[in-house]
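Given only the sequences and the hints, what does the whole structure look like? Please build it.
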Amino acid sequence: MFNLDASRVVAVFDADYFYCQVELNAVGDESLRSKPAAVFQKHLVVTCNYEARKYGVGKLMRVDEAKRLCPELVLFCGEDLTPYRDAQERICEALEEKLRSLDEVGREHRCETVGLDEYIFDLTAVVDRRLRSMNAECAQKGPLNEYVGAVFPRDFMPESLQPDICLVGPEEELRLALGSDIAKNMRDAAFERTGITISCGVGFNKMLAKFAANMHKPNGQTTFVPTVRADSWLSELELRSLPYVGRRFERLLSEELHVRTVKELRTRFDSPLTLEHAIRKTFGKFAAVFAKRARDIWLAARGDFPEEVYSRGPLQRIHVEDSFPGLELFSAAFHEKLYALALACVTRMKHHGQQYGRLPRRVAVYWRLGKGSRRSRSTRMHSALQAAIRRLVSTSSFGIIEQAQRLLFSQALQLLQKNLDDCTEQRCTLVGIGFSEFISYRHTEPSSLLQSALDMERERQCEAVFLLPRGPIAPLGTAAEPERISVVESATVCNERSSQAVGFPENTGSTPGRVSESLHALVGPDVCSMCASKCGMLLGNNDPLAQAFIRNENASGKRTRLNTDSSILADGDGGPVRGHPLMGDSNSATELARQRSTLLPRGRSCAPAQFDIRLWVSAKPAPAPCSDANAAASLVPSSRSSTTATFLDRWLRSANFK
1 MFNLDASRVV AVFDADYFYC QVELNAVGDE SLRSKPAAVF QKHLVVTCNY EARKYGVGKL
61 MRVDEAKRLC PELVLFCGED LTPYRDAQER ICEALEEKLR SLDEVGREHR CETVGLDEYI
121 FDLTAVVDRR LRSMNAECAQ KGPLNEYVGA VFPRDFMPES LQPDICLVGP EEELRLALGS
181 DIAKNMRDAA FERTGITISC GVGFNKMLAK FAANMHKPNG QTTFVPTVRA DSWLSELELR
241 SLPYVGRRFE RLLSEELHVR TVKELRTRFD SPLTLEHAIR KTFGKFAAVF AKRARDIWLA
301 ARGDFPEEVY SRGPLQRIHV EDSFPGLELF SAAFHEKLYA LALACVTRMK HHGQQYGRLP
361 RRVAVYWRLG KGSRRSRSTR MHSALQAAIR RLVSTSSFGI IEQAQRLLFS QALQLLQKNL
421 DDCTEQRCTL VGIGFSEFIS YRHTEPSSLL QSALDMERER QCEAVFLLPR GPIAPLGTAA
481 EPERISVVES ATVCNERSSQ AVGFPENTGS TPGRVSESLH ALVGPDVCSM CASKCGMLLG
541 NNDPLAQAFI RNENASGKRT RLNTDSSILA DGDGGPVRGH PLMGDSNSAT ELARQRSTLL
601 PRGRSCAPAQ FDIRLWVSAK PAPAPCSDAN AAASLVPSSR SSTTATFLDR WLRSANFK
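Per our numbering: the sequence shown ends with 658, consecutive numbering throughout.
Keep in mind that the hints are not guaranteed to be accurate.
The list that follows gives simulated cross-link-like pairs (lysine to aspartate or glutamate, EDC-like), each with its CA atoms no further than 16 Å apart [stated by the list, open to error]: (1) LYS98 <-> ASP181; (2) LYS98 <-> GLU79; (3) LYS292 <-> GLU307; (4) LYS184 <-> ASP103; (5) LYS285 <-> GLU255; (6) LYS337 <-> GLU321; (7) LYS184 <-> GLU146; (8) LYS371 <-> GLU328; (9) LYS35 <-> GLU89; (10) LYS98 <-> GLU30; (11) LYS263 <-> ASP231; (12) LYS42 <-> GLU72; (13) LYS42 <-> ASP322; (14) LYS263 <-> GLU236; (15) LYS98 <-> GLU108.
These aren't lab readings, by the way, just hints derived from the structure by calculation.
This one's a predicted model, so the numbers in the text were calculated from it and none came from an experiment.
Have a look at this one:
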């Protein structure tokens, strides 16, 4: 028998054949609405309209099989989810705005989303206000004929059956009737704005409302009223129909406890504790996983599902991925796939950042090798990528999307190389890129005005670098072979235009490896220089801030005086290491611009030290290509400690700052 909490009213809105409706609306051909249509991804049908279902076309059916069943089937490619996300956002906005207008106090109401096509609202507050505004006489009647749409089980049972008995009071029935009227107004508002039909279910909790939403489709509405017949209907359901019961849980309940239906579950276990004890006793290694859901399942079997409606908010992560039969790791086709995913991810990030005012701090990659499991790794974003994303969200600068795409691609490829270089399996079947760890766009770290100015200069130069033309790529091994640059433990080949663009001093002292021409041509030589598993960079010291700092420390005796023509060496594992000789004319404007590169990130990822004064002492010694750098490495602290003052602290206390 039903044992539920009737104090809430919940509505579940389910868009009918959502992907298909979005595509049909985009085409704008009304004649197609009466024809069978389907949306496919790869080689599988993901959804179809009701005309196609009459021919036997169904979800997850192969496209060739669907065409065999229905030769006149109209197919739409749905691999790009952008239009569906946009449609979801417009539906949510329409539903939320209508509910806010129906609320007497105009409170903000947010829905819970499940996938892209399901939206859940808690209507309790609005229903309670309407109920209080009605007079006592109307509240005592609870007339069933005031429901909007169908009523379960009244409208789904043969009339020959004896009269049903409602298991809730008149006031609770009236609350459901008011909820059905509110839901109808919300559905009409969403259809008027988007042209997408939506089915709806209204009940005392999310489970009953979801049952009702599936009863009268398409473009229908049903209210689930707890009655004796409704209780009998619920008891005959299979356990898989209940929340939290998946395929494995259902199989274990059937094989270990011999429970297959809701009625058997009700009969066998008279309390949640007895069900939990049975699960822990018989489920073996899965006991701990499923026992924590024993109470929820026991209550759901009796029509009660106390889970709250969680208001949707900004996404916790943004990612795009793609699967395929198999691509060789780091081949040209693999690079092209990753580069395309970077563009899709950056585009989503721009929309998300402009809508919610949030920026990510971490980059993640996802992959699957062969038939293995899906794996992922994440890392902090490079400072150049952070600057590009920030500018992408806040401005509409020309070329900024391409810049962010290339930077994201380079860091994702670097992260994949770090984790997959030693893998024996070279066939990749899934790859993806994502952002996570979001912060408010207005979030700022404690900093000085001087540091803020340096950050702005970094962003400006970062954009200027990527607006330079890339030019033709000369074949490797010819007379026009790109000049090599001095990069510690790098596997990068860069041409002269790239070297000048990103600020690498020319040097032939090291022997870097070669990057594939396909990658070189795909993203340009400047980004190729970031794709090495470990990078290094020579940065000049003729920056005024760096010289002022050195003079101050030399005068105070904190640092042994070094050659004024020395430079800073930053490698992939640490920060600045002093003492490496500067190559070229350090006084020329060209050399100064090249030394002020902004391509590499802060901190432990090859940060140009003189452009982040907070990180001067956070570095540790790194391998250097000359003995001078090794000799001077001991002058730099290897890690930050509570007793070591930061450069910013020392600078603020210095006479030069005053």
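Right, here's what the structure says about each hint:
1. LYS98 <-> ASP181: holds (12 Å)
2. LYS98 <-> GLU79: At roughly 31 Å apart (the allowed maximum being 16 Å), GLU79 and LYS98 break the hint.
3. LYS292 <-> GLU307: holds (14 Å)
4. LYS184 <-> ASP103: Between LYS184 and ASP103 the Cα gap is close to 15 Å, so the pair holds against 16 Å.
5. LYS285 <-> GLU255: holds (15 Å)
6. LYS337 <-> GLU321: The hint holds at about 10 Å.
7. LYS184 <-> GLU146: Within the cut-off at roughly 13 Å; holds.
8. LYS371 <-> GLU328: holds (14 Å)
9. LYS35 <-> GLU89: violated (27 Å)
10. LYS98 <-> GLU30: Answer violated: LYS98 to GLU30 is near 27 Å, above 16 Å.
11. LYS263 <-> ASP231: holds (10 Å)
12. LYS42 <-> GLU72: Violated - the C-alpha atoms of GLU72 and LYS42 are around 20 Å apart, more than 16 Å.
13. LYS42 <-> ASP322: holds (10 Å)
14. LYS263 <-> GLU236: Given that 16 Å is the threshold and the Cα spacing comes to 6 Å, the pair holds.
15. LYS98 <-> GLU108: Measuring from Cα to Cα gives roughly 11 Å; hence the hint holds.
Hints 2, 9, 10, 12 from the earlier list are contradicted by this structure; the remaining hints agree with it.
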